[in-house]
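Visitor: Take a look at the letters that make up each chain.
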Amino acid sequence: MTDVADPPAETEAHADDGHGAHEEAHGHGGHHASLGLSNMKLAMWLFLGSECLLFGALISTYLLSKARFVAELLAGNPRVLETLPVGLAEEFIEAGSVEPMWDIPFTSGSSFILLMSSLTMVLAHKAVTEGDYRNSRVWLAATALLGSTFIAGQVYEFTAFYREGLSYDGNLFGSAFYTLTGFHGAHVTGGIIMLLSLLVVSFRGKLRQDRAETVELVGLYWHFVDVVWVLIFTIVYLIP
Amino acid sequence: MAVVEEPLALPSGESPVARNPLGAFARPRDVSGLKGWLTTVDHKKIGIMYGAAAMFFLVIGGVAALLIRIQLAAPDQTVLSGDAYNRVYTMHGTVMVFLVVMPIGAAFANFLMPLQVGARDVAFPRINGFSFWVFFFGGLMLNTSWFIGGGADGGWFNYAPNNGIAFSPSTGIDFWNIGLLIAGIGSLTGSINLITTVLNMRAPGMTLMKMPVFVWMTLVTQFLLLFAIPVLTVAQILLTSDRIFGANFFNVTQGADPLLWQHLFWIFGHPEVYLMILPAFGIVSEIIPTFARKPIFGYPFMVFSGIAIGFMGWGVWAHHMFVSGIGPLSVTAFTVATMFIAVPTGVKILNWMATLWGGKLILNTAMLFSIGLVTQFTIGGLSGVSHALAPSDTQQTDTYYIVAHFHYVLFGGALFGFMGGFYFWWPKAFGYKLSEKLGKWNFWTMVVGFNLTFGPMHILGLQGMPRRMQTYAEAQGFGFWNFWATVGAFILAVGVILFLVNAFVSYLAYRRADRPDIGPDPWDGRTIEWSIQSPAPNHNFDVDPIVTSVDDFWHRKYQPDESGKIRKVHSGEELAQPGDPTGVHLPAPSYWPIILAAGLPITGYGIIFNLWLAIPGIILTVLALWGWALEPADDLDPGPAGTDDDHGGHGPGGDHEPELETV
Amino acid sequence: MADTTTDTQAHAGTHADHAVHPTEKQYWIVFVALAVFTAIEVALSYGGLEGVQLVAPLVVLMAVKFMLVAGAFMHLYFDLKILNGRLFTWAFGGGLVLAMGVYAVVFAAFRFQV
Chain R
1 MTDVADPPAE TEAHADDGHG AHEEAHGHGG HHASLGLSNM KLAMWLFLGS ECLLFGALIS
61 TYLLSKARFV AELLAGNPRV LETLPVGLAE EFIEAGSVEP MWDIPFTSGS SFILLMSSLT
121 MVLAHKAVTE GDYRNSRVWL AATALLGSTF IAGQVYEFTA FYREGLSYDG NLFGSAFYTL
181 TGFHGAHVTG GIIMLLSLLV VSFRGKLRQD RAETVELVGL YWHFVDVVWV LIFTIVYLIP
Chain Y
1001 MAVVEEPLAL PSGESPVARN PLGAFARPRD VSGLKGWLTT VDHKKIGIMY GAAAMFFLVI
1061 GGVAALLIRI QLAAPDQTVL SGDAYNRVYT MHGTVMVFLV VMPIGAAFAN FLMPLQVGAR
1121 DVAFPRINGF SFWVFFFGGL MLNTSWFIGG GADGGWFNYA PNNGIAFSPS TGIDFWNIGL
1181 LIAGIGSLTG SINLITTVLN MRAPGMTLMK MPVFVWMTLV TQFLLLFAIP VLTVAQILLT
1241 SDRIFGANFF NVTQGADPLL WQHLFWIFGH PEVYLMILPA FGIVSEIIPT FARKPIFGYP
1301 FMVFSGIAIG FMGWGVWAHH MFVSGIGPLS VTAFTVATMF IAVPTGVKIL NWMATLWGGK
1361 LILNTAMLFS IGLVTQFTIG GLSGVSHALA PSDTQQTDTY YIVAHFHYVL FGGALFGFMG
1421 GFYFWWPKAF GYKLSEKLGK WNFWTMVVGF NLTFGPMHIL GLQGMPRRMQ TYAEAQGFGF
1481 WNFWATVGAF ILAVGVILFL VNAFVSYLAY RRADRPDIGP DPWDGRTIEW SIQSPAPNHN
1541 FDVDPIVTSV DDFWHRKYQP DESGKIRKVH SGEELAQPGD PTGVHLPAPS YWPIILAAGL
1601 PITGYGIIFN LWLAIPGIIL TVLALWGWAL EPADDLDPGP AGTDDDHGGH GPGGDHEPEL
1661 ETV
Chain S
2001 MADTTTDTQA HAGTHADHAV HPTEKQYWIV FVALAVFTAI EVALSYGGLE GVQLVAPLVV
2061 LMAVKFMLVA GAFMHLYFDL KILNGRLFTW AFGGGLVLAM GVYAVVFAAF RFQV
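As given, the protein sequences belong to chains R, Y and S, one line each in that order. Read in order, the letters of the first sequence are residues 1 to 240 in this note's numbering. Read in order, the letters of the second sequence are residues 1001 to 1663 in this note's numbering. Read in order, the letters of the third sequence are residues 2001 to 2114 in this note's numbering.
Since the hints were derived computationally from the structure, they do not count as laboratory data. Incorrect hints may have been included.
Reference excerpt, derived from the structure (chain R facing chain S, CB under 10 Å, subset only) [unchecked claim]: (1) Gly36; (2) Lys41; (3) Phe55; (4) Ser60; (5) Leu63; (6) Val86; (7) Leu88; (8) Lys126; (9) Pro240.
Derived DSS-like pairs (lysine-lysine); straight-line CA-CA distance at most 30 Å [said to hold, decoys possible]: (10) Lys2081/S / Lys66/R; (11) Lys1360/Y / Lys1565/Y; (12) Lys1568/Y / Lys1360/Y; (13) Lys1440/Y / Lys1294/Y; (14) Lys2025/S / Lys1210/Y; (15) Lys1035/Y / Lys1294/Y.
Note that CB positions come from ideal geometry on N, CA and C, so glycine has one too.
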């Protein structure tokens, strides 16, 4: 009796190794969740927890760098002054901050788009859980599209700033700003790739109700990236 | 749903696909030989590989140490030039911290955590394989800097602005950055894996407060890793941006504050040292009770003090910065916090001592090394307490007094604990014990060598010998103790070599005696990993163990009789699971972890030398991610019974189409 | 805007106890709230306020938006009701609180005057 040994009675949802919340008093499967939670969801939350430290460091670095930059400008440090076009430098000095750089209406529009993409994301997940596959594809595509629009907006904003004279390697402010928002943008791009992959899987008919968790996990990542933008928008753009 | 005839009957009633629909992505089925190791997802094999890799890096770091000691043995020597000396001590520290101590911790954590909680493997086996390979490749990449980059030369904590292009123009520090960035990914993914495993995959009845102390300590370690690695990542990204892409994060002429590096590094760095010692604390907390024949004294206190160390470790980092000009308020605050953190560690020391007190001590090698940790860590901790006070630290910092402190806690503490762990769990991993005779020689040589090397450094430090100085003048009077420290270093090296010799010799003896079965429980152990055969079978447990108390295995062997006296009622052999893999399904091996891991250093070399080279690296990485995602969750055809591929008549069945998000 | 609790129970295979799940309408309400708060924030930034008077309401609104996305969209609020669901909040919240604490101290230790 080798490979046809009679298995014990637990044959429920083993479709996903490591998923599922069934207590087995006697199992051969070995994968039983002591806490009744999903392994993958727990892993994703742990990962997001660590990402808080990552973005926290980037945001702190930005705030410190920006503060030092403004302080140096106001003190008239020539090496800092020569990294900016004269007009821009004067605007910063007069405002006592980097506020003149921003185009708040434009960035608000970007923020709104990203918030909307979070909405379409939860609607996509909802559609999958309800078995409404057609709508799930619509919402997934919408999320990817809105995310791409956000990225396009970022690219436009960066090129505008660059043309106005803010370079990456010129001064502290440029380095910090582009690094922080660049990392965020890279995370968004990664999310878009995951969304497109989900779409492909869905079109091949494989993204079904019992796999809704995959969509949920991508959603968690996507919302996190949105939440980081909520922080960036306020801290970088709105607070002087 | 009876699935006797149709091993892979699908819940939907469709018939299984006869052949692998994606031939190119077929998972390997061979678990033997080199390919078996390269594609393994078995946590035990991965743990052994972590340990073996760490031993390899230990030799590299050790040779660097001996070079330092040769250079410093007498005043005014020129064995190593100033530049060479900088590279040697930087790489010594970096290799020892990141490529020896951390991976040995990972080795024990990977091997033991699933066994001690009664699981069959970790939550995400392929990610586990990936964690190892990415660490190994990152470490290899870091060490190629000796040959093609000049070796990092900024010290293991690499302060700004010295770490910038202006003061360190060679590519050595770029290798430091990127090699460690890559290795750090392994630590991060590993931590997510192990936390999920411990929280979510414990055996029935094993509540959190019934887990072995070792599991608790390594669980706290994983949380520390989870939150600390991203901070180092950001610091290294900022530095890489400065060095390679011209950013200004540490450019003082632009107004940057170099202290930013110090803060970011030490916010990582202090939890880092706790995550280096906590696994060793856990190991010792298993060994001492076993060979004192008593349960650990104060189990809840051991657990809570470990958690406390994990929490408080986040609040003390600037004690590495007392002389950096952060101002008296910060200095005072961190002094107080650092003094507080000595308390939970003190609790542990007292508890170990209380466990030893009144026990029937068996002083074998594992126990000796454990007692060595308790003693030597205490010495290191005492010097640590004097560092905590900012006024005294102002004299001690950057002197050999600090060097003495951290070697006592890291080598005399962590590494001694790991050695004990090797002796203790070697039979479970390999099926034979290491020689006790050679073990005692190993231990005593290391004790003598270690204390002779680092003991005098306390004196040297207080006499004013600064660290990281290539040489010293005759007139300074440091020659005497430096000479003896060098003698000690060579004795210590002999001691370490004796361990490797022991491993080799014991293996040969095992082979020559025709591989006798040592049985499941050679030490009369307390925890459930001793309830399975040695070496541990591929599938760990035949059936899930049901746990009813701490030290569950012990309590099933030793029970009170009618008069209430505790008697041994069963031997380990009687209770142990026989190792029958029938009905077991294990995750199949996979190529993708090692392939994905290989893409990262290629990208890294590209970033350092030529961005065009980064492109094939990125392409390989992306393709590997796709291959991973598209790989079938399990292989489709069950192999012969007793191998990893035996599905035992009922696999996780279900879908055999490629899944997007498999582990 | 169909009530989805029955559907939820129907696919409870891999989800332990999905006691509550937001309706589509609730998601839209959250989104509108987020948009409104964003608009208020932008208006505030043009409002001519200075110092704490500007920063405090902005930070408060930012926190509210954060909690809305995390609680509703990321389901954390509803996860509190399932067995051990608090763990998700703690895993994430732990990282968040740690980050805020640690970086706040870094701030405090820095000097900004040239």
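Visitor: Each hint needs a verdict: does it hold in this structure or not?
Guide: Status of the hints after comparison with the structure:
1. Gly36: Hint holds; Gly36/R Cβ to chain S Cβ min 5 Å, cut 10 Å.
2. Lys41: The hint holds - Lys41/R has a Cβ within 10 Å of chain S, the shortest such distance being about 7 Å.
3. Phe55: 8 Å, holds
4. Ser60: 4 Å, holds
5. Leu63: Result: holds, 7 Å to nearest chain S Cβ.
6. Val86: 21 Å, violated
7. Leu88: 20 Å, violated
8. Lys126: OK, holds: Lys126/R within 10 Å of chain S, min 6 Å.
9. Pro240: This interface hint holds because 7 Å falls under the 10 Å limit.
10. Lys2081/S / Lys66/R: 42 Å, violated
11. Lys1360/Y / Lys1565/Y: 17 Å, holds
12. Lys1568/Y / Lys1360/Y: 15 Å, holds
13. Lys1440/Y / Lys1294/Y: OK: Lys1440/Y and Lys1294/Y at ~23 Å, within 30 Å.
14. Lys2025/S / Lys1210/Y: Violated, because 45 Å separates the two Cα atoms, which is more than 30 Å.
15. Lys1035/Y / Lys1294/Y: 43 Å, violated
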